[in-house]
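**Student:** Here are the chains, one letter per residue:
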Amino acid sequence: MRGGKSAKWVVGAIVVALSATACGGGSDSDDSASKEKGKPAGYISMDNGEPQKPLIPADTNESVGANVIRSLFTQLLTFDKDGGIVYTNAESVTTKDSKTWTVKLKPGWKFHDGTPVTAETYVKAWNWYSNVDNKMQNSFWFSDIDGYSEVHPDKGAAKAETMKGLKVVDDNTFTIDLTAPVPYFEYKLGYYTFAPLPEVFYKDPKAFGQAPVGNGPYIFQKWDHKKLIQVKANPDYTGPDKAKNKGILFKNYATVEAAYQDLLSGNLDLVKQVGPKDLPKYKQDLGDRVIDEPWAGIQSIVPVFYSKTFKGINPKVIQGLSMGIDRKTITEKVLNGTRNPATSFTPPGVAGHQNLNTDVFTFDPAKAKKLVADNGGVPGNKIWIQYNADGGHKEWVTAVCESIRNATGVDCVPDAKPDFQTDLEARDAKQVKSMYRGGWVADYPVNVNFMKELFATGAEANTGFFSDKEVDADFKKGDNATSLDDSIKAYQEAEKVLLEKMPSIPLWEYKTNGGYSKAVDNVAIDFHGDYVLTDVTVK
Amino acid sequence: MGRYVARRLLQMIPVFIGATLLVFCMMYALPGDPVRALAGEQAVDPAQIAAMKKDLGLDLPLWHQYWNYLTGLLHGDFGTQIASGQPVADIIADAFPITARLTFFAFAFTTVVGISMGIFAGMKADSARDRVLLMVTLLLISVPSFVLGFLGQYFFAFQLGWVQPNVSGEANWNELFLPAVVLGSLSLAYVARLTRTSIAENLRADYMRTATAKGLPRRRIIGVHLLRNSMIPVVTYLGTDIGALMGGAVVTEGIFNVKGVGWSVFGALKQREGATVVGIVTLIVVVYLVASLLVDLLYAVLDPRIRYA
Amino acid sequence: MPETLKDTETTKDGTAAVPGPTAATMAASTKPEKARSLWSDAWHDLRRNPLFVASAILITILVVMAAFPQLFTGADPRYADLANHYLQKPNWSHVFKEDWFGYDVQGRSIYARVIHGARNSILVALVVTALVTVIGTATGMIAGYFGGLIDTLLSRVTDIFFAVPFTLGAMVVLTSFEERSVWVVILALAFLGWTQIARVARGSVLTIKQADYVMAAKALGASTSRILLRHILPNAIAPVIVVATISLGGYIGSEATLSFLGIGLAEPAVSWGVDISSGQEQLRNAAFVLIIPSIMVSITVLAFIMLGDAVRNALDPKLR
Chain A
1 MRGGKSAKWV VGAIVVALSA TACGGGSDSD DSASKEKGKP AGYISMDNGE
51 PQKPLIPADT NESVGANVIR SLFTQLLTFD KDGGIVYTNA ESVTTKDSKT
101 WTVKLKPGWK FHDGTPVTAE TYVKAWNWYS NVDNKMQNSF WFSDIDGYSE
151 VHPDKGAAKA ETMKGLKVVD DNTFTIDLTA PVPYFEYKLG YYTFAPLPEV
201 FYKDPKAFGQ APVGNGPYIF QKWDHKKLIQ VKANPDYTGP DKAKNKGILF
251 KNYATVEAAY QDLLSGNLDL VKQVGPKDLP KYKQDLGDRV IDEPWAGIQS
301 IVPVFYSKTF KGINPKVIQG LSMGIDRKTI TEKVLNGTRN PATSFTPPGV
351 AGHQNLNTDV FTFDPAKAKK LVADNGGVPG NKIWIQYNAD GGHKEWVTAV
401 CESIRNATGV DCVPDAKPDF QTDLEARDAK QVKSMYRGGW VADYPVNVNF
451 MKELFATGAE ANTGFFSDKE VDADFKKGDN ATSLDDSIKA YQEAEKVLLE
501 KMPSIPLWEY KTNGGYSKAV DNVAIDFHGD YVLTDVTVK
Chain B
1 MGRYVARRLL QMIPVFIGAT LLVFCMMYAL PGDPVRALAG EQAVDPAQIA
51 AMKKDLGLDL PLWHQYWNYL TGLLHGDFGT QIASGQPVAD IIADAFPITA
101 RLTFFAFAFT TVVGISMGIF AGMKADSARD RVLLMVTLLL ISVPSFVLGF
151 LGQYFFAFQL GWVQPNVSGE ANWNELFLPA VVLGSLSLAY VARLTRTSIA
201 ENLRADYMRT ATAKGLPRRR IIGVHLLRNS MIPVVTYLGT DIGALMGGAV
251 VTEGIFNVKG VGWSVFGALK QREGATVVGI VTLIVVVYLV ASLLVDLLYA
301 VLDPRIRYA
Chain C
1 MPETLKDTET TKDGTAAVPG PTAATMAAST KPEKARSLWS DAWHDLRRNP
51 LFVASAILIT ILVVMAAFPQ LFTGADPRYA DLANHYLQKP NWSHVFKEDW
101 FGYDVQGRSI YARVIHGARN SILVALVVTA LVTVIGTATG MIAGYFGGLI
151 DTLLSRVTDI FFAVPFTLGA MVVLTSFEER SVWVVILALA FLGWTQIARV
201 ARGSVLTIKQ ADYVMAAKAL GASTSRILLR HILPNAIAPV IVVATISLGG
251 YIGSEATLSF LGIGLAEPAV SWGVDISSGQ EQLRNAAFVL IIPSIMVSIT
301 VLAFIMLGDA VRNALDPKLR
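Chains A, B and C are the protein sequences, given in the same order.
Per full-length UniProt numbering: the first sequence = residues 1 to 539.
Per full-length UniProt numbering: the second sequence = residues 1 to 309.
Per full-length UniProt numbering: the third sequence = residues 1 to 320.
FYI, nobody ran anything at the bench for these hints, they're computed from the structure.
Treat the hints loosely; a few may be bogus.
[Said to hold, decoys possible] Here are the computed lysine-lysine pairs in the BS3-like style, where the Cα-Cα straight-line distance is at most 25 Å: (1) LYS283(A) x LYS518(A); (2) LYS218(C) x LYS283(A); (3) LYS328(A) x LYS89(C); (4) LYS96(A) x LYS167(A); (5) LYS382(A) x LYS367(A); (6) LYS203(A) x LYS53(B); (7) LYS81(A) x LYS283(A); (8) LYS54(B) x LYS159(A); (9) LYS382(A) x LYS433(A); (10) LYS124(B) x LYS430(A); (11) LYS54(B) x LYS53(A); (12) LYS54(B) x LYS206(A); (13) LYS203(A) x LYS188(A); (14) LYS214(B) x LYS155(A); (15) LYS469(A) x LYS308(A); (16) LYS54(B) x LYS203(A); (17) LYS97(C) x LYS281(A); (18) LYS369(A) x LYS308(A); (19) LYS203(A) x LYS110(A); (20) LYS124(B) x LYS206(A); (21) LYS188(A) x LYS164(A); (22) LYS370(A) x LYS328(A); (23) LYS242(A) x LYS81(A); (24) LYS159(A) x LYS53(B); (25) LYS333(A) x LYS89(C); (26) LYS135(A) x LYS53(B); (27) LYS106(A) x LYS164(A); (28) LYS124(B) x LYS155(A); (29) LYS110(A) x LYS242(A); (30) LYS53(B) x LYS53(A); (31) LYS124(B) x LYS135(A).
Being a predicted model, the structure only gives us computed values, none of them experimental.
Chain A with its partners taken away, still in its complex shape (with noise of 0.2 Å):
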């Protein structure tokens, strides 16, 4: 759920915005219930979108269907605002030597159709998400897991049904032995990938997807396709993170503007995306019904090391780009205040981010120039940041574009792909002429997360194919690592030498600039820039 993310949030660019200077609500103020049709009185409501694939867990990878599984389902353990580890249906994720985890479920926990949830509907789901016959997006997830390869071969169709290195203990415990240690590999556990399965899912999984039967704080009630999906508040859920609404109504929005709009007139309770239309003035229409805090999620240029630009390049050649971005300006103008200037590989809210103490990140024109003059300069000084132009990103690429040429005089040029899928494609066809636009989304809270998948020789989503052998070390060191702790040092040590590697250009950390309806109150954001929904109280 990475890059899709923060596609699809602004992917309403394209529509109209509405100028309304109509403050919703009026005056009779102590009128707490929301005016808005058709909601059961105690339920909140949010703008969501129409999820792209049936909500099955392991299926679904975008913000939208997301926000609904994340309510319907409850993995081991989730995270705090600060990225802590706050164990949910787990009692406890134990480890010795980061390599075989021990599982303990908190017992009597029951499915909404009252079947129990064992160990056994755990590693069951585990292996039918990973089975390659089975086509679940998030199925690499699970490729920590020894006997992964048997269940999901490279190649045709799977030679097992079950993974070997999942075993239940008892009704209630179960243990997971990895093919290589993975100190951080609890972390992962708290997406929601990992959520367990009802026996019902198996009889029709096809009608499962359309009408999901799971084990969190709220019970799936419809799904009026492209229209809504409401939930209905759990009331037998015994986790930490019971709802404290009676429910939530996920509407579906053609554009931003159209759910902010609504949201004034208050027939909307949460809106998770200002429009860029919007922007300039949501201050002034909400007042201090505002969320406007960053996340775990850093959007960077990425150079692509094949290219006939950046092949062999000098890495100091980067660094000068980098400082010929005017990050403060753009982020403030541009981009009206939607991110704060990035000043490492990692965003804040992660485990191990840290100050990198460097200048690459500052705008300095003349030693931008310099150091790309002295350094050999660009290859035909003239670079190209390839983008999809249905995500919104037009206006800052032009700007960031504007500010490489006038403070470096390297010619740069948008190179727009009509959509995501374009974008897609041409990175992985090895087509980007020179950079792209990358942005990374945390899947679990530790900086490995931004490094290691990113930037490893042959990562999974090392679409610059950057590659080099100390990086790899220093990778390797920090997996080998025997704790958590001694796993992030190793990586914060990696990062310092990214910096002088240059494998991106890091520009700035997301932003949620939100906003609420009187009628609801409490309403804060996680890691992720999502709403906790289950904290939103009705007034």
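With chain A fixed as given, assemble chains B and C onto it according to the hints.
**Tutor:** For chains B and C alone, kept in the frame of chain A given last:
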């Protein structure tokens, strides 16, 4: 008459097949793999993608895919969306009535207001009011519909508060008023001008003089003789306009958040949902073909000289 | 009488559906010299038509703007000074100065951008119109002149392209190109736009080919190409020119619409449509960013539509 209709219906078949094939080929040629894109920026597993494509029949050669599509269509199956697994027919069933309503509204507006304006001006060609009409229609034709949409939204929804700026999921009639006016304005201008020209021309026709000489009451001359003859080119235009209005709804629906076929097709195009795009375009093509057939039949009613063998 | 019926069949524009062939028939029914006088007649009319004079002046300015933007402004339309000029309001008294129309969200001079933006719009309109006129006339003439199987085939192909909704079709075609230069936009518009002219040309040829002088030329053993080019084309071209002139303005609107939808031209191309597309986000905040390029598009379309009107009036005496 019956034979003529049968012949025309037969002629529609190659046009229908050709148009779907054309759109099908264009979609096939698009870069960007919808199955691959589902994975976003995360890992891509070629084996898994290949398996998914096989399930969807996307690994077959173009002709085979088209054949499957066409045979499916004959059984009333519009195909399935790649990402959601929803039948395309369901998506069309949701979106089409909304666009149909919007189009109908725009069409009615165009017809009633356009023809009235045209008659009003045409009766006194080259008078001041004729000139004013000419300028108004020129302006309507010149301002692109998205600009008109912005302006309408800005003034009527925000400044005056007469209408809602966005159309809700139900797309009620009153909400569709402004979008329909914006959508219909270009056609309105054409209809008004056509009517005006046709009326002005027919006023000078011999049969008008004959009718007047015969001492027919003026009401009858205008109502029956003049209008009936003047409407022929207008009807021609209106017939083809229904299809164009539906196609043009992409812009209007986007601006006003109307969840009709234009909105659906725009989204589907970006997500490379080939079946959805082809299905919707096919439907618009059918509407267009049927409308032009109806227009030709209407000729016979309006112009007794035309007889279809 | 289905044959003639087909000829009266509809065009999307409607305006052209009515008069087309009549003017040509009138000219055709007399000697070729007379045809020339249709043109000189038309020219005579045009010069006296205030609509034509106004549109001609406007179009001349626009074309000069497109060809030599430097004559109007020295400012670089791409130069962005975000720190100092972000959304700076227009300074209406600074006529022809860089800050006349204010600055956009990138801190670029809107005046410079609308001047430089003319090139793409005008280029699209002219080249697309030229292309569709050539393709459409050729198809229509061949279909109309040879008749029979060729006609049936070409007419069906025309029907197919005509049946596909224009904006939607152009969207699909454009999506299939990764690099969207102005030429790609031109290609997409021409690919779908030629049908109307083909129909008009075919209808016009159908009537002309029965004319005495065509028969005479045939009897004298003139080659087919000679008949087509020397005798039919000059007499069939009038209605085609009418439709072509009118559609000029339409293509400017189409380019703007597609760029507005985000599938036409894209940065760093300077185009009104692109600027409107980015400007819409500022509707609440700084409406001039949106409105100024919108006005430019409207004025340009208006100029071409007025030209089309005037040309039609001149070439089609029936309308007077």
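**Student:** Which numbered hints turn out to be false for this structure?
**Tutor:** 2, 10, 13, 14, 17, 20, 28 and 31
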